[in-house]
Amino acid sequence: MSAHSNYQAIIASPLGPLGIVSRNEALCRIDFLPEDTALSPPADAAARRAAAQLRRYFGEPGWSFSLPLRPAGTPFQQSVWRQLQQIPAGQTRSYGHIARALDSGPRAVGNACRANPLPIVIPCHRVVAANGPGGYAGRTEGRNMEIKRWLLAHEGIAP
DNA sequence: TTAGGTAGTCTCG
DNA sequence: CGAGACTACCTAA
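Position 40 of the first sequence, counted from 1, bears residue number 39 in numbering that gives the first Met the number 0, the numbering being contiguous throughout.
Hints were generated in silico from the structure; no laboratory data involved.
Small disclaimer: the values here were computed from a predicted structure and weren't measured.
Careful, some of the hints might be misleading.
The calculated label-pair distances, taken between Cβ atoms and stated as ranges, are [what the hints assert, rightly or not]:
1) Gly89 - Arg138: 20 to 28 Å
2) Trp62 - Arg22: 17 to 25 Å
3) Gln90 - Thr139: 18 to 26 Å
4) Thr36 - Gly104: 34 to 42 Å
5) Ala100 - Asp35: 34 to 42 Å
6) Ala25 - Thr73: 28 to 36 Å
7) Pro74 - Gly137: 18 to 26 Å
Even glycine gets a Cβ: it sits at the ideal position worked out from N, Cα and C.
Start from the sequences and build out the full structure, keeping to the hints where you can.
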């Protein structure tokens, strides 16, 4: 949810417009915006870098991001998001796998993934259930899941 | 297939 | 603060 945010950039992508929020030279949030959202060019260097790397990822599925990130979250969420960043493009991990690495539980990991403010860059789409696709951005069906499937297919991961 | 377990966060009061 | 409810789950039977 993010109704009326002011974005440092709104860029086009194969998944529709993406809103980019940066603060103090670091990337803070990425939102999937409605199809009819007007684009706007990067307003600062951080947004420009993020936009460039996102475009590169969409053209080159194996690309891994290198950006200063400052996602807001609890200490536990931060630790989960750090784990997610260790997953290489084209690979997946299960919620349980991440949970064991943090000595936590699978549902807690799912909760933290749901709270990820930096989709695509922090690759929560690479986290799937032991038997099933899991969810995306809080939903287990609909457009969010289409986005998750698109990202996995983009990286060559079969459904 | 389901029943129960689990960890973190949110919501009331 | 405390109790309970709510999850993008997992395992055993």
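Quiz item: Given a hinted range of 18 to 26 Å, is it respected by the beta-carbon distance of Pro74 and Gly137?
Solution: 21 Å, holds
Quiz prompt | Status of the given 20 to 28 Å range, CB of Arg138 versus CB of Gly89 | solution = Holds, since Gly89 and Arg138 (Cβ atoms, about 24 Å apart) stay within the stated range.
Exercise. Could you see if the CB distance from Ala25 to Thr73 stays within 28 to 36 Å?
Key: About 18 Å separates the Cβ atoms of Ala25 and Thr73, which means 28 to 36 Å is violated.
Quiz item: Does the hinted range 17 to 25 Å hold for Trp62 and Arg22 at CB?
Solution: Since Trp62 and Arg22 have Cβ atoms about 24 Å apart, the given range 17 to 25 Å holds.
Quiz item: Between Ala100 and Asp35, does the beta-carbon spacing fit 34 to 42 Å?
Solution: 41 Å, holds
Quiz prompt | Outcome for the supplied range 18 to 26 Å, where the beta carbon pair is Gln90 and Thr139 | solution = 22 Å Cβ-Cβ, so the 18 to 26 Å window holds.
Quiz prompt | Pairwise beta carbon distance, Thr36 to Gly104, judged against the given window 34 to 42 Å | solution = 37 Å, holds
Checked against the numbered hints given earlier, the structure breaks only hint 6 and satisfies all the rest.
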